[in-house]
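J.: Sequence:
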Amino acid sequence: MNYLNEYEKWKGYDFLDPELKEELVNITGDDKEIKERFIKLLEFGTAGLRGIIGAGTNRMNRFVVGLATQGLSNVIKNAGGEERGVVIAYDSRKNSDLFAKEAAKVFAANGIKVYLFDSLRPVPELSFAIRYLKTIAGVVITASHNPYQYNGYKAYWEDGSQLPPDEAKKVFENMEKISIFDVKRAELSNPLINIIGKEIDEAFYEEVLKLRIRKDVNKDIKIIYTPFHGAGNIPVREVLKRAGFNNVITVSEQEMPDPMFSTVKSPNPEDKEGFNIAIEYAKKHNANLILGTDPDCDRVGIVVLNKNGEFVCMTGNQVGVLLAHYILEGLKEQGKLPSDGAVIKSIVSTKMVNYICEDFNVKMVDILTGFKYIGEKIKEYEKTNEHTFLFGFEESYGYLSGTHARDKDGVNASMLIAEMAAYYNEKGMTLYDAMENLYEKYGYFKEHVVSKSFSGLEGMEKIKNIIYNLRNNTPEKIGEFKIVKTIDYLNGVDSLPKADVLRFELEDDTTIYIRASGTEPKIKGYIMVKADTNKESEEKVNFYKNQLDIILG
Numbered sequence: 001m002n003y004l005n006e007y008e009k010w011k012g013y014d015f016l017d018p019e020l021k022e023e024l025v026n027i028t029g030d031d032k033e034i035k036e037r038f039i040k041l042l043e044f045g046t047a048g049l050r051g052i053i054g055a056g057t058n059r060m061n062r063f064v065v066g067l068a069t070q071g072l073s074n075v076i077k078n079a080g081g082e083e084r085g086v087v088i089a090y091d092s093r094k095n096s097d098l099f100a101k102e103a104a105k106v107f108a109a110n111g112i113k114v115y116l117f118d119s120l121r122p123v124p125e126l127s128f129a130i131r132y133l134k135t136i137a138g139v140v141i142t143a144s145h146n147p148y149q150y151n152g153y154k155a156y157w158e159d160g161s162q163l164p165p166d167e168a169k170k171v172f173e174n175m176e177k178i179s180i181f182d183v184k185r186a187e188l189s190n191p192l193i194n195i196i197g198k199e200i201d202e203a204f205y206e207e208v209l210k211l212r213i214r215k216d217v218n219k220d221i222k223i224i225y226t227p228f229h230g231a232g233n234i235p236v237r238e239v240l241k242r243a244g245f246n247n248v249i250t251v252s253e254q255e256m257p258d259p260m261f262s263t264v265k266s267p268n269p270e271d272k273e274g275f276n277i278a279i280e281y282a283k284k285h286n287a288n289l290i291l292g293t294d295p296d297c298d299r300v301g302i303v304v305l306n307k308n309g310e311f312v313c314m315t316g317n318q319v320g321v322l323l324a325h326y327i328l329e330g331l332k333e334q335g336k337l338p339s340d341g342a343v344i345k346s347i348v349s350t351k352m353v354n355y356i357c358e359d360f361n362v363k364m365v366d367i368l369t370g371f372k373y374i375g376e377k378i379k380e381y382e383k384t385n386e387h388t389f390l391f392g393f394e395e396s397y398g399y400l401s402g403t404h405a406r407d408k409d410g411v412n413a414s415m416l417i418a419e420m421a422a423y424y425n426e427k428g429m430t431l432y433d434a435m436e437n438l439y440e441k442y443g444y445f446k447e448h449v450v451s452k453s454f455s456g457l458e459g460m461e462k463i464k465n466i467i468y469n470l471r472n473n474t475p476e477k478i479g480e481f482k483i484v485k486t487i488d489y490l491n492g493v494d495s496l497p498k499a500d501v502l503r504f505e506l507e508d509d510t511t512i513y514i515r516a517s518g519t520e521p522k523i524k525g526y527i528m529v530k531a532d533t534n535k536e537s538e539e540k541v542n543f544y545k546n547q548l549d550i551i552l553g
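First residue of the sequence shown: 1, per our numbering; consecutive thereafter.
Everything labelled a hint here was simulated from the structure, so no lab data went into it.
With a Cα cut of at most 27 Å, we get these calculated DSSO-like pairs of lysine-lysine:
1) Lys477 - Lys530
2) Lys545 - Lys464
3) Lys464 - Lys169
4) Lys336 - Lys215
5) Lys184 - Lys40
6) Lys332 - Lys377
Because the structure is a prediction, the values reported are computed rather than measured.
Produce the complete structure using the sequences and hints provided.
T.: In structure tokens, the structure reads:
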């Protein structure tokens, strides 16, 4: 793509939005900025599109959204799915509603039936709606937990999982063949566009509420909840209320949609900083549990009281461990634990769950990073009856305990975490205490992610070079510990799809994974240690953290 020609072409279009036109005028003569925006088309992968909002082919704007929708429309029409249609949802980000309507108009212009949500909804409800309405596909406009400058376009297929690789590839191939300004649009009043809302909400809530483990637990505990200005506000509160949790206090400063996420540096439930206001609420109201969902409400983070009375964030791995144990123990107590049960996690998530599954005689299944692979396994088990899906999670704060959706579900997880906290509260314990008990039983597993961010095209190239060098010039040691085994997932491992991931196993039983993020310009190193004491596990993590800081630049 000749980026200068493309830039001039965009600048010359009369119907370009004034805001976009102004951006293009402002970068006149700035070759580096023009190149960043126009050197390529924003790539459509299995996670759809994600990029900075702005003018250009390598940015998120209504023209790129229209182009992606035309590409997806062609795939849908080739599959004969026009009548089955598409569901569209969106979150609270800048232009999310605009992009959702843009997608609806393009689908309708292609003769494809559209179900458009009347206001923001969480990702898991979109996944559920695809299955409930039996549509061929779905789209949600979101950039998950990314900073406010970003937006995205997640595409889903008929089972409610993210678009399979073959379909995603076809969408992008179609996008490359179509002129971005030739995409046709219908009016929003087109009869093919149907506005949906309450009926789907009710059906979704009903399915989530079926996933309770101990319905009769005392629910008097006080819970602080923050939706981080996103789509979780109504569904999470409604489900908690229907489940019997009446002492839920919402952080009012973060309750309403705000595309700037102005009360937080980043709307990411992994960052403790974002919970500062919620922690003040917890202190004021004497609560011992804080829940926070990201803007599209597929992920949830929690803050709990430790033994010293301090509020601490629990990691995604810790919450995954607690939920897995809580679900398996609860089902076993009630005589409902199936003999063919399976728990699914990503390869970079804690190995502690393996020991818990072994304890309950449940199959532990590892998949590549990306919740779509958990969705694929659920679909496979439904076809083969090989296993009964019980729980799936990723260390990046995504959890699912039902088959109602095929993506991580922050509503489902929030309800179960609240119930779990209430259960342990009856025993005079916090979730922190419960985690300590599991460490004492199974060993002190500790994990840490070293994440390095790089900007722009140069950054992406640097990430590729780091992984290339590690693959082709693998060090003999990390620190003073020998690498006893190197596993390259590009060669295909354990019948998993090939992936650009490296795994190093060290002589002290530490495992390290290196991979590039699929959604951001980041390279990540995952450290997994096991020790006999908490202190020893922390020392090991700190040692390897320093080593990876050097290795990953």
